[in-house]
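> From first to last, the protein sequence lines are chains A and B.
Numbering-wise, the first sequence is residues 1432 to 2017 according to our numbering.
Numbering-wise, the second sequence is residues 14 to 437 according to our numbering.
Do not take every clue at face value.
[Stated by the list, open to error] Some chain A residues near chain B, calculated using beta-carbon distances under 10 Å:
#1 1467
#2 1469
#3 1473
#4 1480
#5 1564
#6 1580
#7 1751
#8 1907
#9 1910
#10 1923
#11 1942
#12 1956
#13 1959
#14 2012
[Unchecked claim] Covered stretches of chain A (chain B as the covering partner; in silico rule of three or more C-beta atoms under 8 Å from a C-beta of chain B):
#15 1765 to 1776
#16 1993 to 2005
These aren't lab readings, by the way, just hints derived from the structure by calculation.
Computed from a predicted model, the values in this text were never measured in an experiment.
The beta-carbon is built from N, C-alpha and C at its ideal position, and this holds for glycine as well.
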Amino acid sequence: MQPATDLPDRRTLLNDLWAIQLEKRHISDQGIKTLAARYQISEVEIEGVVSFYHFFHRQPTGQYTIYVNNSVTAVHSGMGAVISAFEEATGARIGQTDPTGTFGLYETSCIGLCDLEPACLINFQPFTHLTPQKVKALVWQLRRGVPVEQLANPIPQHLRYQLPPDRAVLLRPFVPGETLKPLLQLDPEEVLSTLEASGLRGMGGAFFPVGKKWRLCREQPGNEKYILCNADEGEPGTFKDRMLLQYLPGLVIEGMIHAAYATGAAEGWIYLRAEYRWLLPELEAAVAAYYDRGWLGAQIPAKTPFRFDIHIQLGAGAYVCGEETAMMNSLEGLRGEPRVRTYFPVERGYRQKPTVVNNVETFAAAARVLEVGAERFAALGTPQMKGTRLLSIAGDCERPGIYEIEWGTRLAEVLDWAGAKSTLAVQISGPSGQCIDPNYGDSCFDWDDLRCGGAVTIFNTQRDLLQILRNFSNFFAEESCGVCTPCRAGNFIFTRKLDKLAKGLGRADDYVEIQNWSNIMRQTSRCGLGRAATHALLTAMEHFPGYFSRYFTPNGVAGAQPFDLEAAVSDYRETVNKTLGTTKTN
Amino acid sequence: MAKAVSIQIDGIEVQAEEGQNLVDAIRGAGVFIPSLCYYEHIQPPLGTCRVCTVLVNGKPTASCTATVKPGMKVVTQTKELEDVRKGMVEMLFAEGNHFCPACEKSGDCDLQGLGYRLGVTATRFPHLFVNRLIDYRPERMVIDHNRCIRCRRCVEEVHTDAGKAVFSFVNRGKDTEVAIDYKAETELTEAQALQAMHLCPVGAILVRGKSLARPVGERKYDQPGQGWEKEEGAIEVPAPKPGAPKKVVATTSLAGCFGCHMSLLDIDEELLDVVELVDFNKSPITDVKAFEGRCDVGIIEGGCCNSENVEVLRAFREHCDILIGVGECAIWGGLPAMRNFIPIEECLLEAYGRTTELEDSKVVIPKHEDLPELLDRVYGCQEIVRMDYFIPGCPPDARHIWKVLKHALFGQPYALTHEEFKYD
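Next up, chain B with everything else stripped away, as it sits in the complex (with noise of 0.2 Å):
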């Protein structure tokens, strides 16, 4: 049994282990700290994605990388740390390429779960759009590189039974990646490809006709307890003042599915309630094509895929106090933003030069005067405008959106349930 001495941790004393790693310090004396790389029995410890970052007597330090010391101070909780945690774990999805709706881990995923529990809704950082392998060759696996955040977990644990590594990390600088012996694939039992898949802390190792086992909605992140208990709350909507002039809300659907505004619908018979307390410009609920006069609040769902989006984008800019980001589009390019990573020749040409279809064997992109045209990737909307608000979700809750707008309306107050701000 190790010693017990004594450290501070924001401020009080608490009994440590000496030579404890720090992070199950810091979580014994019931702190909160995220982490994604750390694997309790890796040794030394892996400290490669920084996200456990609290200061060691007033050095900045990966908390996983050091071991209790009697007197150490250590401070975890600050404006500043928690915004530096939370840039690496943001850092992470501007990387990757995280399509969360698409992804067999989604629920599961330590990531995503971070996302949530620290509050991510949009990333800080532009995304990168790096076109990424996804690996078919290995026999019973598939290695997903959009998804994988180089924790080094797999590389240092998984090993065949004679010994051998399963992964390496290959490259170097932006370029590095974690990269599967085939060989040495073949060699691991079942059991132990299973392990590998859930040592992943993300979707990049999956194992063929076993990654969706568990039912989403029953996953990890799914259940009260990982950061965040289940609560009940009912929609209030404030009764409105009479003589007070009606709060005017436009919205609109760039490179979207409408998915977000089949969700605004959702808050169902409340819609009577709003109605009554809104008045809808340019919408494609109303229909109203132009705007009709200045508006309170704009609801932008989807990205900017083609130069119209641009355009009626800048023109909510103009007309409307408060914008509001709807849908992971409209944050940074969502299920659209696929295209990013193929050249735009190459999606053109699939779409309109590689089909038979048409009798005619001509190679026709479509292109006239009132037809909008093409950008070379997918934007997300505060690459062309300054945004206000943003909804994460695919689709967000209807409550989600409705408090947020209820919000941005009315001033009031309100706090986000687990549920309404999980999305998957």
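So here's chain A without its partners, still in its complex pose (with noise of 0.2 Å):
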């Protein structure tokens, strides 16, 4: 490969396609010929970009395109029959537009809206709790031209749980510039050190300490440093960070000027999953505002004065872009696959230089952080956990929202608060996380027990485990990257064995392979996506032994293996009546 530097500068070739798609409702050949001829690359390349990313399509979409989320908790509120409304009343079938391209249906993964299920995305605006009812009134209101943003449903906040005044963290009134006025005082080696003392650690799942990582970046020699905002929440079930960057964007922003600050980088970028197209304006503005006070741009105020700038980049639908090394690439304008792990970011990301990746939440409790100081926030949490953290509680409970926790906290007490009922299940961290048993022992959020990414999805006895395992069976095997062989077809082949087990045809063997087939995922998979893509279903086998006992009955007699003659036959059959009295076409 040749250095990057060389490489033509892609960087605005998402850009280029978004404005195609939402023009041409699609990425025409001809387009694909235009932007080959303006990048200088051959189309293929381009088609590669294209058909990485779910939101941009070779086929047209209608003037209406419809993305209604598949996620489980979608499932179980209702979308199947959602779908059906949406199929009926526009005339197009799910994955198609209607004869006449006014309707484009199309299933997607999580929106970050699992809160207010079922939900769905029309060109980009969210439309929430649909029901048959509401889809219909819905699509014929389209029809009479009424304009998408003026029936869209507002999102609201959902706070469901806020920690007293003076335990509160992150949920806490917000001033904006006020967790800058700390800046006027401290040296960025001040700022890195308040950070180290709080025991801060990154809020996107592996929970390194962020004061160590904003060091390493400074320490790094070279001028050329960015600043990424992980603003990709694609983990199904989570949405704390939606809030974040529709309520509290100025707490997200101040976070990031105290990392350029702290490190020396005078760019950054918050990249935007693009299920969020419609917090941009709102996300702009907020930008904006900050560079009308001075606190963005040039010489902003601080004991030394720098210049820090803030983009935003849309993404176009890929979960593993929110892998931070994919993130770069598709910052970059590339396929959006996870890099080999020679350099940490810190070290060579972004461009190649040193760079800081942070998600949503990480940068708001930075920020707080600097405001409420680190000896406050170190004494709330656990030993190995400091401060808060949000959730994102969604599924079977009176309550679904954002919960802002104490580390610590006992998971029987927060599905206490959010009101579950006869609960089987509970999904920790989403699908990449663990599915346990919450009436055995009693678990609490912490780094040995609970390590939550932010997700908690609660499911009712009156829920099916195995179709719940393999609607995260199937998202991992469309959301694989596809490049390195474990994930992309181990993912794949993970599907079937559910299939099978799902037929009724799984043995004690089946168990037994599963966990060699996951053992061997997760040693060789190239990133953390096919690593933890089995996890859930690994804990579900371990939590719920009575449940899997009737997919895994004993291995048969004689050895024959479970095979279901007349379903493999019945194809043959209803072929031969079809053609029954038939006449050749030749």
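Taking the hints as your guide, dock the two standalone chains into a single complex.
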């Protein structure tokens, strides 16, 4: 591979593709040709980028493009009926447009509205709590020409649990600029030591100490450094970053400003997932307001005044772009494939320069640490996990929404606050996390226990675990970047294995195989996606042996494998009956 | 010259160059480590196939993505690691549609060569049977997506003189594949096209008219030194013990071509020894139609394509102590499984609905209570019953079959030579 600096600058490619997609409702052959000429690369490379992101289409997607969320909470709250209603009302079949090209109807991975399911995006505007009746009315109004923006549903803040004022960190009154005040007294070095003293860890799932990460970046030679805010909150069941971006964007921006001051970076990006495109105008306005006040741009007031600019890049639909190196590739206009881990992003990240990547909540928390002080922050939580974290709670409970909890809080308490009744299972940290039995033991949110990435999804006793796990498995098979064997082929193979169980053809051998195959994927996958993909399945098997015993029945006598002969010959019989009495068509 | 440093490979201190790719360092130390995507001068390394996974300081790592650092501790040979690496190769076989006997690259294929070397007889994973494109559109090349392992070598390495990429990954997830740029392909010189074909570790990139240049038998993995050495071994036949009852063997050919039975007969004059030692029960060799009693060993050729195959296979499982699947078709479906990509309606209409050879213009798909019914796809035997052993090959070598059979019947240990195991 040539060094990145020799490559044509493709950073604007995603935006160019978006412009074409939104205007023409698809990326045409002509569009590909034009861009290939503009960037002086082969058409197939453009094709490679287009086909990586699921919001770029090569076929027309209709004047109104409808994306129905297919994550498990949506399925549980009636997605099937909603899709049928859309099909009936629009005349489009799922995955297609209607014959007139007015409506395009598609399923998509989690759109970050799990507290408001069933939900969909129409021309990237959110519609929530859908019912067949509501869908009918909605389509009728769209046909009448009512603008989508007018019809879209407002998205509530949904704060369901807030800590008392003396313990709250993230969810407390916010005055813009307030967290920036300490910068007038502090050196970058002091900002770093404050963060280090606070014990704040990254909230994206790896929990790397924030102060240490920023320091590593600061210590790298060179002036060109970057701050990336990972707003690609793609883990199904998570939506707390959505709330922060919508209701506390200033706090996130201020966290990035702190990072810039501490590391010496002059440029920052917010990588916003396309599912949150409806947040873009407000977010842009929030950034603009910081420029207006002189808190972004040249000469930001501080003990040593500095320069920092923030840009926003819209993703285009790819869960894996939440992986930091994939996100950097995406920002560079490439396919969002995770890089080989030769370097850490703080060594060589975006454009091969030292880069701090943190997610939305981490920047917000960092700003608060500077505001409330390291001591107060460090006094909260547990010895290993300081402070608080936001939980996105969804699924079978009375009060889905955002909860700010102190690390060390017990799961049982949280479920109680949420009004979860007859709970069968709780999915911690989304499909890549654990599927646990809340009635077993006394779990709490901590380093050694529930090291939660933010999502808590509740399933009651009416739900079928295997159906849930198949939903997860299909998700990973679709959302794998496809580069490494174990994740690309392994996740696909797992969907087949779970199909087999669902057909009632599983045996004790399959239990052992699932463990062996998972181990292979865990040891060989290139990034966290493949390593974590079977985590939910394994933990569910461990926590619910009684449930799974019906799927892993003892191995058959005399070596017969379960095989459904009737099902296997049904296609043949159907064909014979169908063709009876027909004549040949040469 | 890079600095020589000391690292540990499987507990042994060795010298390697600091910053050197770990695959090279491991090989330099005389330790075998498999790889498929690794191509020395591609930087950064591709790290796509994951076949070279080892433990670096206790952490599973694809060794091609690591570089030598002083004092690093590398573990390459544990039972688990060997199983994991073999699993990777098996996964690639299960994911693609690898019909080695029909492949131009057979014998020159790194995936196939690695399969032999790691002793892959059957993949532990279900074959996915995804219908994939064979792209004949490029002017000079044919791209067979059935065989592609998405190693990415071509994507990174093949460029036109103007510096444009000829290949790119397209799609995502399970649908990820490598696509070719038709325009850029025409700009390649003949030499560059051939280089692309040779760069491909499998038979996915073929240059028209050039893909069979080297005769089978003289190809890369036909040569000793590619993970095997030539050896001659005479088959020893145990002397029959006086008074001991003869072992009973049954055989059948399901959805197969009888080629494996032919191969069985290829043990020539040693057949005379065989009949001294065993009795054949139900078998096309004896024409015994129904089981007449319990058998020690059942030999199955072919997979299951119809209801009768399933019934026969189940009867074999019931009557035989040991079941041996012989040949690729028994293992995973083999050549008959080429229909697995096509809906059965399409297969039947092609055969009975679109020909005008019969005067009657009615579509008549054979159906009668005496006729077996076709299955929706061809199944490997282990999808229907538990199989005890597999002998891969198309067909397997006669000596290979015989050695396994002897082992099963008399518990004799055996070793296979590469030529007996290899089947292209």
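> All the hints need checking, so say for each whether the structure fits it.
Hints versus structure:
no.: 1; hint: 1467; result: holds, 9 Å
no.: 2; hint: 1469; result: violated, 14 Å
no.: 3; hint: 1473; result: holds, 4 Å
no.: 4; hint: 1480; result: holds, 9 Å
no.: 5; hint: 1564; result: violated, 35 Å
no.: 6; hint: 1580; result: violated, 30 Å
no.: 7; hint: 1751; result: holds, 8 Å
no.: 8; hint: 1907; result: holds, 8 Å
no.: 9; hint: 1910; result: holds, 6 Å
no.: 10; hint: 1923; result: holds, 4 Å
no.: 11; hint: 1942; result: violated, 14 Å
no.: 12; hint: 1956; result: holds, 7 Å
no.: 13; hint: 1959; result: violated, 13 Å
no.: 14; hint: 2012; result: holds, 7 Å
no.: 15; hint: 1765 to 1776; result: holds (count 6)
no.: 16; hint: 1993 to 2005; result: holds (count 10)
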